[in-house]
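Model the full structure from these sequences, guided by the hints.
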Amino acid sequence: MGKEDTTIYAKFNPYEDLQRGLTPEKLELYRASVLETLQSPSMILRQKRDTLALGAMCTLPYPELSERARSRIEQEVVCLISEGAAPYHPRYVAPDYARLLQEGSEFLELGPAQDLHEATSHLLTAYFYLPSEPVFLGQIDELLEPFIDSVDEQTARNLMRSFWLMADRLNPNGFSHANLGPQETRIGRLLLEVDRELKTLTNLTLRYDPSVTPESFALQAIGNTLEVTKPYFLNHPEMEASWGENYVTASCYNTMRLGGGIYTLVRYNFKEAAAQSDGTIDDFLNRVIPETVADLAEIVNSRIRFLVDEMGWFDASFWVQEGFLHRDRFTAYAGVYGLAEAVNTLMQASGHPDSRYGADQAANALAERIAVRFGEELAKHPGAYCDGKDGQICYHAQVGISSDIDVTPATRIPTGEEPALYEHLAAEAPLHRAIDGGISTVLEFDQTAKENPSAVLDIVHGAHKLGIRALSIGSTNSEFIRVSGWLIRRSDLDRAKDEKALRHSSSYLGAGFFDTKPVHLHRLPRKV
Amino acid sequence: MKQASDRETPLGLVSKVLPQSFVDGPGNRAVVFLQGCNLNCLYCHNPYMINPCNHCGDCVSGCPSGALVWEQGKVQWSQDRCIECDACIESCQHNASPQVRQMHAAELWQEIEAIGPFLAGITVSGGEATLQTDFVRSFFSKVKDCSELTTMIQTNGVVTQDLLEMMLPVTDGFMVDLKAFDANDHTRLTGHGNSPVLETIRFLSGRGKLYQVRQVIVPGFNDTAEQVAETASFLHAIDPAIDFRLLRFRPHGANGIAKTWTAPSDDVMIRAEATAKAIGLVHVGRSI
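If you read the sequences in order, they're chains A and B.
The first sequence begins at 1 in my numbering and counts up one residue at a time.
The second sequence begins at 1001 in my numbering and counts up one residue at a time.
Wrong hints could be hidden among the right ones.
To be verified - Result set (DSS-like, lysine-lysine): computed pairs, CA atoms no more than 27 Å apart in a straight line: (1) K1277(B) <-> K465(A); (2) K48(A) <-> K527(A); (3) K450(A) <-> K527(A); (4) K527(A) <-> K1074(B); (5) K465(A) <-> K199(A); (6) K1074(B) <-> K1144(B); (7) K1016(B) <-> K1259(B); (8) K527(A) <-> K1016(B); (9) K199(A) <-> K527(A); (10) K1277(B) <-> K450(A); (11) K199(A) <-> K26(A); (12) K1016(B) <-> K1209(B); (13) K48(A) <-> K450(A); (14) K450(A) <-> K1016(B); (15) K1209(B) <-> K450(A); (16) K48(A) <-> K26(A); (17) K465(A) <-> K527(A); (18) K1259(B) <-> K1074(B).
What the hints assert, rightly or not - Some chain A residues well away from chain B (every beta-carbon gap over 12 Å; in silico): (19) E25; (20) T59; (21) A316; (22) A420; (23) T448.
These aren't lab readings, by the way, just hints derived from the structure by calculation.
Here the structure is a predicted model, which is why all the values come from computation and not from measurement.
From the three backbone atoms N, C-alpha and C, an ideal C-beta is built for every residue, glycine too.
Shown next as structure tokens:
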């Protein structure tokens, strides 16, 4: 498959060319790739069509870049995460579904929802027409609570069950994410109940505020996390302080503004950036980071401008025209990963080979300095059309992709190197304070935790007080595994090994992840 | 620099501090294990907490990290050098440990204060916590002065009421281990009769401070339906709302003869729970 051509652009399709697009000499590579997709035994039709569409788009040249910015991609300091050459729709959107339920949609030919039947079917319809992957399904309790008295109790439960089942079956994507809280609602309790029964992969976040969320509701959610590894416990007061009231959590744990979204996600690899330094911490912090972040910003902005100016998406979409999405609530992500390797490399180069991130205070302090420094530099570069974050490109801790070899997702302490529970949380908390566009810490408890859910809630309280923003909690032997950010099921891993088709495209990513990083199957279980 | 007032407070013999436990009372708790016990249970899982160190010095030479030295007739333990291999505990012939610290309440609080945000409270266990009531009261007073944390005591119940009375104002609840309801079974298991234990349960319940009664179910001692029914009836007569928790004996981690015993089966545990509920106790639970 043309290996000689793929060394530089290891993360790209072999027929891609950043500057020229598909050239005649690579046409056969492209055709081979198309044929491979068509013949794949493990993809369903929809997945094949998505792959073909992405491949076709990647025959175009990428938006124009300076030579220096392009070199960052070749050095793999900057990674374009398979969004493809020509961004023609936003990467993530968080529509104002409440408006749809209240006013209906001319384009969708829907009137205002009259009862819980219509409200749930309106939402399912909206998901079908989303202009990006369905990463945000709405603040379900706020959206549906006004309709709950339109039907009797049993009907409400049946409707929530079928709605939640179809939200998964019609959106086979483990990146779909719904939000609850901070208030307790009848819909919120019902959704937790049916989620626990149905065991779907759709993600949930509870926006948790101990001064608003009743303890009984929080404990119901804890009970769920120990069975199905969701919802996330999100530090609502901390998030509100960063974003104001109208923020949402989507995809893995990504923060965005309600009624807005994210144009593009470009990744920044701390590990490879550290390799560009002369080995000193000073050179890394004060030369490499400023230079590479400038290039990163150029790349992000080239993609935003292409989407907004050349594709004209915001001029043409009914989502914008009817007021469900607003261009001025969008921003883009700079998503960092590989912090652990950068810290360990720099500590080693400066004569402290035993000082490792997670285990040593000096290394943890360096992790915080790097994370803060990156944020300072990022803030110096205006993001094009990034009104959704006061003109800034949004700082995000990226979960990793299956092709990441020997590089730790986001700002996490590597799996297997986590220190004791409180130390783990204390080490990662400063990074949660520094990064406000989505970051999480993943914990797993042994089975005994199920006998004392309030103890788990105590841990959540302590973590949130330290500044941890999103906490994923699971228990050992659960069918669900949190792959850094999204969920997969153990049974899907087995199917993937047998090359059987999987409904959820995210499960392929998860299975690939375990091929390259099997250690992620064995997260440190916390004895309680 | 310790303040003068700290030096005047009673000293405690602290064997171990566990920063996180989900099984020692409500919520997540730090557990302080105090050295010294007045029972000698056949299935004791922490026999090294039974006696104070007699400074025989036998453990010193086996310490691989130089954490133990013998000076002026005393075994001195250095926490900084200790690698927690527990070779000293394994070699001790006297059911003791050199890793015991003499502490004032303020020193112990200082160790726990930083993790306070993660905790619902602190449980003092042992050994037998009530053998050091002056220290426990001093420590819990400090906890109450400095935090909102709840305070619990885990006890075998062999304690006088005047000592319990002394701790009540600063203690939110007690967990009492009732090893066996039958006096003979209790003596066989622990070397001590159980009438003080039964009195303790009655007393604490009357004062609204009985958080839980626990029983480790051990085949041959307290696992028959009749034995469980008798125990439950005793509790029920005091207060049907008493929280009664049945714990499964596990030979792993036990010492001596108890290593050869078997854990009660699921059937036995399920039957014990059902029996206690049938008597009319409202809150009966059992461990996995």
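Verification of the supplied hints:
no., hint, verdict
1, K1277(B) <-> K465(A), "violated (40 Å)"
2, K48(A) <-> K527(A), "violated (44 Å)"
3, K450(A) <-> K527(A), "holds (12 Å)"
4, K527(A) <-> K1074(B), "violated (36 Å)"
5, K465(A) <-> K199(A), "violated (30 Å)"
6, K1074(B) <-> K1144(B), "violated (35 Å)"
7, K1016(B) <-> K1259(B), "holds (24 Å)"
8, K527(A) <-> K1016(B), "holds (17 Å)"
9, K199(A) <-> K527(A), "holds (25 Å)"
10, K1277(B) <-> K450(A), "holds (21 Å)"
11, K199(A) <-> K26(A), "violated (45 Å)"
12, K1016(B) <-> K1209(B), "holds (25 Å)"
13, K48(A) <-> K450(A), "violated (41 Å)"
14, K450(A) <-> K1016(B), "holds (26 Å)"
15, K1209(B) <-> K450(A), "holds (25 Å)"
16, K48(A) <-> K26(A), "holds (21 Å)"
17, K465(A) <-> K527(A), "holds (22 Å)"
18, K1259(B) <-> K1074(B), "violated (33 Å)"
19, E25, "holds (61 Å)"
20, T59, "holds (54 Å)"
21, A316, "holds (51 Å)"
22, A420, "violated (8 Å)"
23, T448, "violated (6 Å)"
Hints 1, 2, 4, 5, 6, 11, 13, 18, 22 and 23 from the earlier list are contradicted by this structure; the remaining hints agree with it.
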